[in-house]
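Chain order of the listed sequences is F and X.
So for the first sequence, my numbering puts the first residue at 1; every next one is plus one.
So for the second sequence, my numbering puts the first residue at 1; every next one is plus one.
Hints listed in this document are in silico derivations from the structure and should not be mistaken for laboratory results.
Note that the structure is predicted; figures quoted are calculated from it, not measured.
Check before you lean on any hint, since a few could be wrong.
Claimed, not checked - With a cut-off of at most 27 Å between alpha-carbon atoms, the simulated DSS-like pairs for lysine-lysine come out as follows: (1) X:Lys348 x X:Lys296; (2) F:Lys133 x F:Lys41; (3) X:Lys296 x X:Lys311; (4) F:Lys41 x X:Lys162; (5) F:Lys133 x X:Lys311; (6) X:Lys341 x X:Lys162.
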Amino acid sequence: MRRTFRFVLALAVLLSFVAVSNVMNDRAEKTVFAQAEPTGKLAEVIARGSLNCGVSGGLPGFSYLNPNDNSWSGLDVDYCRALTAAIFGEVTDTNLVLVPLTAAERFPALQAGQVDVLIRNTTWTFSRDTDLKGDFAPTTFYDSQGLMVRADAGVTSINDLNGASICVQTGTTTELNVTEAFNALAFDFELIPFEASSDTITAFEAGQCDVLTSDKSQLAGLRYGTADPSLYVILSDTLSKEPLGPMYNEGDAQWANVVDWTVYATFQAEEYGISSANLDEMLASTDTAIQRFLGVGDPFNSLIGLSNDFTVNIIRAVGNYAEIYDRNITPVGIDRAGNRLNLQWYDGGLIYSPAWR
Amino acid sequence: MTAKYSRTDDFFVNTADLSARRPPPRPQNTAVQILQLPAVIVASYLVYIGGTIFFWNLLNDFPTVLAILVKILASKVGIHLDSLDAFLDIFIVNIANVVEAGWLGFLVAFPYIIYSMANGLLVQWRTDIPIYRNIVFLSNITQSVFLFAVIVGLYTLMLNVKDNTQIPINWNVVSRRFSVEVSEGPDFNTELTWLKDIPLVGDSLADAAILRPGTATRALMTGVINTLRAVLLALVFSTLLGIFVGIGLLSNNWLVRNLSTIYVEIFRNTPLLVQLFFIFRGLLGVLPTSPRDAYKFGDFYLSGRGLNFPKVLTTDTYPYFLVSIIIGLVVGVFLWRWRLKVQDETGKPANTLAWFSLAFLGLGAIGLGLAFALGGSPFKLDYPVLDRFNFSGGSRWSSGYLTLVVGLTLYTGAFIADIVRAGIQSVSYGQIEAARAHGLTSNQTLRLVVLPQAMRLIVPPLTNQYLNLSKNSSLAIAIGFYDLYNVATVVQNQTGQAVALFAILMGTYLVISLLISLLMNMVNRSLRLKTR
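All chains, full assembly: derive it from the sequences and hints.
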């Protein structure tokens, strides 16, 4: 009788240990990587059910509305899609609203909350970061300002351009850079400002100016869109650094994290060799780093306030950085290998994601 | 002495008697009379400022205190307002804004209110007209209340922008350095050196001007000048075009009448922006694009880039010419008035214009001769010379400027033509028949009988067209002309200060429009039917 009692007691103690440790384990799993509560802008976007993304709309390679089938394409548009997929799981017809903005409209639209994020080939500058109360996500395209001239003008560098008329899109950093560059050379010049970049190229084609200045990627896109691109050449001179990336209002740390790490996810995916094509086999990978990045196992990724598999959703929607680049920028005529800054860090470029752990 | 009453006294009121019956004016001290109004204003203002300082803090904190009280009371009865926090915050901010705006509005409107009240009371004291029956007081007080409401509304809107969005507002943005080249119009950065020539103050003015080069204000001033340059020219041309086409619409000549109709209908019924693009891309596209192939008319060169022509510069002998021209003008005006007097007295023909021209041109010629005698021509020409890309030297009207002037002229001219036609048709046909019966030619009938009467109907709608024209000039941004709107957009883009820049824009266009209205109202008044 005593022995039976002792056995039952021992068994009960053992069982209770197991039970308690099980409960503890459950709790541990839930609390160690708790999904952050969405607040601020993220909560607002989720409640609205759609993301308002400010883009350009008239710029091949970055954000371009094809007039034939009303389809959007471009690097900026793909980042809008990536962010939508990260927040809502997938991109549908209703949960992403692309808002075309002119250079002049973009900052007031962002500041007034008309768009949640501005992905409109916007240069990261000191004054925009401070005075305009904006913050910038990691640069998605490293650009530089260049000059396009007629091939038959006999111009080989900026030093030949004294007295030239220059078409420029108003409200851009290029307007300031070209003024400073020509003033530094003490050249006479005439600026002809236009509101839209499509107006600059028509005026340039019509001969109303000798030079068209803009970011080199934009020049390539505009040149690519002319009837005969061989009539125009882009000079090798570089007037300025133009790091382009998403911009959002400052003061909302969670929203900043969401936008920043959406961009990093595309960089990191390329680094790990994960693309939209091999995503399913990568999900079965035994590599813990890849498992962590893709949200397999611990709900590590939900720390940011999104679902644990938001990286999977991004890659499924738009692919990694290399895919985005090849789909949008390469057709415009800017080779990634020739444009070294936009290569991954291990290839000597500046595309670099912080550690995903 | 017995009072005499007669029937004539009853029926015919003697005005001398009437004034005798009015109570005598109260005797007043002159010093009191002079000082009373300012004294009332100053005293009320002191009371007002003292009261403001006392109540200001209380009223400023009032909404917050109220909200805390509401929260405490609600929690006592078991309602937790935490979920309503966001709503409450916005509510508080808006209340606070209205209160703040109210104070500002009061601050501005208060002197006006006090002035009108003081004035009303003074009138009541002097004439026994009660203040609530005093029409001047009533209209003044209505206006001050309206002023108050307008200021409160605008300021509340601005504060709401400040509190509920992240749009930065900084009114000092215009004094920031602005490093975009405004390639057209006067360059206020370099051309201000003429300030040095002003005696006594010139050096310090020029120093002040040079100390702050390239500010946004300078660029905006250039923009204003460019806008005015285009608007004034288009005003003159569109009026001339409108009058001729308007008369043409009523012409007996089939071709003239139908051509006029076609012009009016086309330009009145298509958007101005489309017309501007058509001129800019279509008409100017016909011209040679390179300045090297420009059409040459003497020293005028016309290409797709614009019109280049010689610039008139003054030389050292210019002052001789200028002074004699001014003397000629003064002498001319005196001669004009003398001839009018002679005509009034003797009835001889005045020939004012001939006498005026004689004096003006004669003295001008003397000045010109003097200048040549003392050192050569008072003027010299700066010719445009072809460089590698463009012309250098001379003056230039850019293709954007030409497009804007031509576009505004054609568009507004169509509207003015129709207004002129309506004005002419409003003159009764009997007037024309009467003029013909008096033997006036059709030209004289139009000039002396029809147009003077038609003008009375034409001017008010014409004012509207002028206002439209001045505001339509902001479409210049589409064709790359640096007008006010374009420059302001550039400044706004580079600084991000949308609220400040758009307020400046609205203010400037408002001033331009009000000036046009003022001038046109003066014209209207001078044309009014004179009745005596």
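Legend entry - Pair hint outcome, Lys296 of chain X versus Lys311 of chain X [Cα-Cα no greater than 27 Å]: holds (16 Å)
Legend entry - 27 Å limit on alpha-carbon distance, applied to hinted pair Lys348 of chain X and Lys296 of chain X: violated (52 Å)
Inset, instruction - For the pair supplied as a hint, Lys133 of chain F and Lys311 of chain X, confirm whether the alpha-carbon distance does not exceed 27 Å. - result: violated (47 Å)
Inset, instruction - Assess, step by step, whether the Cα of Lys341 of chain X is no farther than 27 Å from the Cα of Lys162 of chain X, and give holds or violated. - result: With a Cα-Cα distance of about 66 Å, the restraint between Lys341 of chain X and Lys162 of chain X is violated, given a limit of 27 Å.
Inset, instruction - Given the hint that Lys41 of chain F pairs with Lys162 of chain X, test it: the Cα-Cα distance must not exceed 27 Å. - result: Holds, at roughly 18 Å.
Inset, instruction - Would you check the hint for Lys133 of chain F and Lys41 of chain F, treating anything up to 27 Å between C-alpha atoms as holding? - result: holds (15 Å)
Of the numbered hints given earlier, the model fails hints 1, 5 and 6; all others are met.
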